[in-house]
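J.: Construct all of the structure, not just a fragment, from the sequences and the given hints.
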Amino acid sequence: MSKKKRRTLSHLRLLRGQRKKAGMPPGSVVYTGEQPAVPQPTLFMLMDYDEAVFEERMLINIEQAFDFKMKSTATWINIDGIQDESLISKVGKHFELHPLVQEDIVDTNQRAKMEEYDGYMYMVLRALQYNYETHEVESEQFSLILAKNYIITFQERPGDVFDQIRPRLRGNKGRARRLGCDYLAYSLIDAIVDHYFVILDVFSERLEALEDQLLNNPSHQVLTRIHELKRELTLMRKNIWPLRELVNAMQRTHSPLVSEPTRLYLRDVYDHTIHIMDTIESLRDVVSGMLEIYLSSLSNRMNAVMKVLAVIATIFMPLSFITGVYGMNFHNMPEMSVGWTYPWGFWAVILTVALTMLIIFRKNKWL
Amino acid sequence: MSKKKRRTLSHLRLLRGQRKKAGMPPGSVVYTGEQPAVPQPTLFMLMDYDEAVFEERMLINIEQAFDFKMKSTATWINIDGIQDESLISKVGKHFELHPLVQEDIVDTNQRAKMEEYDGYMYMVLRALQYNYETHEVESEQFSLILAKNYIITFQERPGDVFDQIRPRLRGNKGRARRLGCDYLAYSLIDAIVDHYFVILDVFSERLEALEDQLLNNPSHQVLTRIHELKRELTLMRKNIWPLRELVNAMQRTHSPLVSEPTRLYLRDVYDHTIHIMDTIESLRDVVSGMLEIYLSSLSNRMNAVMKVLAVIATIFMPLSFITGVYGMNFHNMPEMSVGWTYPWGFWAVILTVALTMLIIFRKNKWL
Amino acid sequence: MSKKKRRTLSHLRLLRGQRKKAGMPPGSVVYTGEQPAVPQPTLFMLMDYDEAVFEERMLINIEQAFDFKMKSTATWINIDGIQDESLISKVGKHFELHPLVQEDIVDTNQRAKMEEYDGYMYMVLRALQYNYETHEVESEQFSLILAKNYIITFQERPGDVFDQIRPRLRGNKGRARRLGCDYLAYSLIDAIVDHYFVILDVFSERLEALEDQLLNNPSHQVLTRIHELKRELTLMRKNIWPLRELVNAMQRTHSPLVSEPTRLYLRDVYDHTIHIMDTIESLRDVVSGMLEIYLSSLSNRMNAVMKVLAVIATIFMPLSFITGVYGMNFHNMPEMSVGWTYPWGFWAVILTVALTMLIIFRKNKWL
Amino acid sequence: MSKKKRRTLSHLRLLRGQRKKAGMPPGSVVYTGEQPAVPQPTLFMLMDYDEAVFEERMLINIEQAFDFKMKSTATWINIDGIQDESLISKVGKHFELHPLVQEDIVDTNQRAKMEEYDGYMYMVLRALQYNYETHEVESEQFSLILAKNYIITFQERPGDVFDQIRPRLRGNKGRARRLGCDYLAYSLIDAIVDHYFVILDVFSERLEALEDQLLNNPSHQVLTRIHELKRELTLMRKNIWPLRELVNAMQRTHSPLVSEPTRLYLRDVYDHTIHIMDTIESLRDVVSGMLEIYLSSLSNRMNAVMKVLAVIATIFMPLSFITGVYGMNFHNMPEMSVGWTYPWGFWAVILTVALTMLIIFRKNKWL
Amino acid sequence: MSKKKRRTLSHLRLLRGQRKKAGMPPGSVVYTGEQPAVPQPTLFMLMDYDEAVFEERMLINIEQAFDFKMKSTATWINIDGIQDESLISKVGKHFELHPLVQEDIVDTNQRAKMEEYDGYMYMVLRALQYNYETHEVESEQFSLILAKNYIITFQERPGDVFDQIRPRLRGNKGRARRLGCDYLAYSLIDAIVDHYFVILDVFSERLEALEDQLLNNPSHQVLTRIHELKRELTLMRKNIWPLRELVNAMQRTHSPLVSEPTRLYLRDVYDHTIHIMDTIESLRDVVSGMLEIYLSSLSNRMNAVMKVLAVIATIFMPLSFITGVYGMNFHNMPEMSVGWTYPWGFWAVILTVALTMLIIFRKNKWL
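Residue numbers (this note's numbering), protein chains in the order written: chain H, 1 to 367; chain C, 1 to 367; chain F, 1 to 367; chain U, 1 to 367; chain B, 1 to 367.
No lab work stands behind these hints, which were simulated from the structure alone.
Since this is a predicted model, take the numbers as computed values, not measurements.
Warning: the hint list may mix true and false statements.
Given that identical chains are not distinguished, each listed pair holds provided it fits within a single copy or across any two copies.
[To be verified] Taking lysine-lysine and the DSSO-like style, the derived pairs with C-alpha atoms no more than 30 Å apart in a straight line are: (1) K365 with K71; (2) K238 with K113; (3) K363 with K71; (4) K173 with K93; (5) K238 with K365; (6) K90 with K173; (7) K93 with K238; (8) K69 with K113; (9) K148 with K90.
T.: What follows is the structure, given as structure tokens:
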């Protein structure tokens, strides 16, 4: 149980990085996430494209990407790994990122938000992915710098939800290469939001399984699992709410970085976030209903137990009293010596009393 | 029970189409509804009219409708069946619908919304219909393209709630043919909203039946049925809320597609949606009250059971103690041999004790 | 009980008229209220006045009122009875009322609202009246057409809450005849709102009675009556909320139909509606507290019952065990034949055990 | 108990005045408060001052104050007692108060509000005062007319919370006489708001006492007293909420009646009202927590009782069964005649069974 | 227990200062905090700096700081101790602080707020610090006057959360000395907000410990501690909410006192306050879930106890009845004398009955 708990309270744990940082000057680039057991090298991936040309490269060091800052083609620089604080500072310096942006990139406790700075936008959101092997929801912070000619994205770990976007860029399918950096930014956010649906789908499956258990075999364990699910839904709602604002702000910005056609697509993502909110609310309502049913089933079972007890006591107490009477040693009990009193008389009385009680219970619907 | 549950959680199931689509490029025309066991042909119905002329046709293929795009008369193209994704693309291409609109038409998870595009409006809402045979609420997604001279509507299945609108068009009764496409759009939405009242009426009947059961024979089964009803009301509220916004947006749009007289009628539909919201809230309040009554009736019955148990135990335990005393084998018990102790003395004591207890219980209102 | 229920759910019943109407063209003038057992004739009452002149007439048919449309004096046409749909159409035609207004007048399910049309305002609200004989709240829909020189009011039944307004008009007391139609409209709305206070007063009396019962003799019946009252309060809140908007809209309208002095009076009515809202909230809080007290009193009584049971069992079980011991037939029980064991020894043991138990219970505050 | 109840529901009683007034023409000056057992004379107090001069007078009749209407010095006319409706009309006539203002002054059911009229502002609020003798909160309606050169205040009874304001005026201390009528109005409102803190302080003391009782000796009586306190807090919140709006409206008015320096002070009062709201919310949270603790302590005690019962029954039922066995009269029971079976064998079995049961209970933490 | 309670209700106690002050003229400089057992001397610390120079001094009296008012370098005057009301008046007079500001500085009940005056801003907030020795959260009021060239801060006690800011000023690290007074004000607020995270972290650790206890050994004591934690969270939320408004107001002010670069940093603090709100909400949700689990675990344990009781009674009552039958003294009981009835027949019946009961219980999952 304690392992379970640790997982569900983990979002509160994250605050510890915050404690470490308390009192540091603002703009301090301090990684606050978990340190991996084995240090992971930071990976750099670069895609440079316009409608005509396409280039994809695995970089050895980040400096190789620096020349693309000024190139007029769209460039996507993806950085997997944010533990190396000096690297982030180097990127920040070259691309002229505000110290607070650099701080936020490596502080893995960010709420989703969009901030506009001179010449670029900074977005940060949380990407969720369901791991079908460990049956856990994996979460990582995703930061995105959107400028006129380049996008820089920062992820905590290799592996992401963009596996269906890259081939589209390579194959020049659809609008992907025709529209610029803002459309790419939209595509990335859209992919992240789409994966929220996958998580919710997993949750709703779990909920159905729990509901089956609840109706067939309600136990305290089911209760704790329902509460765990409720917490995860609450957590997810806390993630999606600011994400909605992010998308809305991006859609309504006056910045020239976001073109008109992309805004229409952003409206679509916005609708998706509202749809997710709605689904989370529905699931939470279902969970609340399940808790109510659980509690009333407890009362019902108590009632059933009490009825059995009452029935048994009500039948056997009078009977035992009768046996007690004829177990007394009074010298002058004439019934004792009359021939038919036992077994005929005695058992007739006993059966009459017992049957009368049973009929009364049946009438009151206790049996 | 599990069949029941499946139905009530079905709105969560719908997300699975979403899972299939996760990661696809935006504007992908992918049908996400249920595949019918037997493939259904898509049906096309066309009505072309103005105040003077009226033409109604069953089309063999959608291309037959394409010429009406430019005709100045009002044209209503109704398409029953949206599984054929290529067909929707064909329509989308000819009538210049935005890729996102095409995607939404076949994605049966839409919240009600109204979106304005150049030259047309796109509306999507959920039509509910009560099936008096299966006693189930049937739901389908209804999409509507409103342009100057034509309306295109998309439905999941044949059969709809517009059976009273078509004769009005044919017979040229009332305002139906005098006012243009926007009035037709209004009429369709109005018919859908009116059917929400029918559903609510069915729900309130069910609720009355459940309340009767609850007062006469409260059982755990009634509880689960009340919770089911509560879920369906919640679901319905989730449908009606964005519908209200849709109607409001349509009423307040600056678009010339909606004429002044039609706006007055839209205000009326808007009032209806608020009335529905109110009624749903009333029903939910009633449901909450019923749940409270159920829970307190559980406690009451427990109290009743406990009282019976306590009364029986309190009367017979002392009596059994007395019989126990005179069942003892002490050699020197003088009472045993006094002639009147049994039956007169003994039974007098027994009856006195029992009656005293009964009087006490009666005084304390336990009996 | 079922009669009771029928009354409290009656507001949901009203939807049935709505079901009948579903699918009809907008503007259909269809009466949706209850049909009286005996058909009631429609009554027409006319008052025509300015500061100088005053005329009051009972009309035989509505056509007698038509000439007053153009007269510059203020005219109040009151129509009691809205079952006759053709009559309403006739009035609607002569006074040029929008079809939707005609529809709303006879559809007795309206939420309170105010709608402005060219040349007149349409208001609809619900008038409540307490019937001191049947002890029921009677409710009827009140529609009001406010134009420059006339007011037309529609009521479901004869008998209304305006009995103190008519003498003021007749007697030319106060501002009643000096100020025009808008002041009359205000007076009528004010009278209706004032009667809400009367209803609330009746409710608070009932609540006090219920609270007395709850504290002296809590029963399941009291619970259902509290819930009934809660429902009626909820219903009333649903009525008053849109009424507040109506008054506010009327006060803030740009229409010249409402003069400046009247607006000050409307602000006063607005305050009254807020006061009513507040009182309803207070009563609902009281009701919630009563329900909590009821539930905890159930637990308390259960505790009391359980304690009696536990006390009885704890005292008599050990005692019965002792009698059982000396009822055994072992041949070698030396206590049996010692002279003082019975009654002195035995009863000493019994009393010691019983008293010890009682002292323990007293110490633990169980007795 | 019924006396208690009467007090806590008293705010609902107040509606009865409203019932009496229902249907009267607007602007009717009708006193709706309680009629004192002994008629109280109305008292008039007048203070006239500027920075240089100060005059204080007890008036015999209100006409003596009429001349001060035009005097350029600041004049405070305080009227204690509003039962005399004709007097209020006289004042209203002389100072040109709107009929609705006159009506509100004597209608003691007003929500706090501020209304601007030509040349004056009307404010009404509720003054609370803790009576340390009766331990009750006394409440009276306080009306205030703020004009350029005079303030008229109306109170229900002699005795108020302004005892520290008058000496400041007399002694010309601080800003009191330098700043004009608006500062005086502010001072009066500030004094009333400050006394809310006193009431809340009394409430929090009571709450502490109740919490002590709840932890040491939870009883149903404590519950009802907690609910009473909750009601009083709710009532107080209902009073303070519109008061906040009053202060805010006064601070933001465009009227020249309120000078700039006074506005700064009003911001301070506004902060106080928010602070009071916060404190009320805190107290309500504490109350809710106490109710939860009470309910779970009920369950806990029930558990304790049940455990005792179960322990006693589980120990003595098997023991009684054993004694029953050896009380049987079978002829052929060899154990009976073996010498050591009683007392050694029998009592060994009895003690073994009893101790085993006790050890099991101890292990399961039931004892 | 009573010591505990005193602490958690302490925020309500604070109102007592308010009671003392009720009725005093506005602007009265009255210290409302606790009087320390031993009077503490007030400490004055001064830092004067710009990018080039830095001076730090411990002052003997406040007059030594007065000359810095006009100096163009940034000056930070920190005052530890606000019990000395005359001192505050002296400072207020020299630096021309509004009387209401002086009043608020020494009134330790302030909600966080920011107020703009001519030439300076006044901010007040609550600084929390976790004392790792007493395991208590220490709270003090922090007031800040921000002017062009100086900052004056007032704290209740020596010792604060700024230990990491001073070295940065001394060492001229980062932006601290380059940016002016507004950046220093931001730094101080940021440090206070950062410490809220520390407190929350401590709370979440406590919560985990409580959750462990709840799952392993639920007791009434855990319940009261959960409620205490809930209260502290509620209190903290009440603190952070106005703090959020303070930061927002400071960020959006039109005042030239706050420079553009500092505003970006304030946006960052604003995000932190929202993050804290979110975390508090999460913790409150966790607490609510824990309370629900606690209550249902009570019901579960009750069920377990009742089942044991029912099982014991159901098995032994019939058995005792049988022994009762054969303990009767009827003369004519043929079973008595048949040789095999005891022990074979009797014990076979007893075991059959007992085993049948056990099998039934096992089937119904009671055992």
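J.: Now tell me if each hint is right for this structure.
T.: Tested hints:
When the C-alpha separation of K365 and K71 is checked against a cutoff of 30 Å, the pair qualifies neither within a copy, at 84 Å, nor between copies, at 73 Å. For the identical chains of this complex, K238 and K113 are neighbours both inside a copy (13 Å) and across copies (24 Å), given an alpha-carbon limit of 30 Å. Taking the closest pair of Cα atoms, K363 and K71 never come within 30 Å of each other, the shortest separation being 89 Å inside a single copy and 76 Å across copies. For a Cα distance limit of 30 Å, the shortest separation of K173 from K93 across copies, 18 Å, qualifies, whereas the shortest one inside one copy, 35 Å, does not.
Taking identical chains as interchangeable, the C-alpha atoms of K238 and K365 are never at most 30 Å apart, the minima being 49 Å within one chain and 40 Å between chains. With identical chains, the CA atoms of K90 and K173 are at most 30 Å apart between copies only, with a shortest distance of 19 Å across copies and 34 Å within one. Taking the shortest alpha-carbon separations for K93 and K238, neither the intra-copy value of 32 Å nor the inter-copy value of 40 Å comes in at or below 30 Å. With identical chains, the CA atoms of K69 and K113 are at most 30 Å apart within one copy only, with a shortest distance of 24 Å there and 40 Å across copies.
Taking the shortest alpha-carbon separations for K148 and K90, only the intra-copy value of 20 Å comes in at or below 30 Å, while the best inter-copy value is 35 Å.
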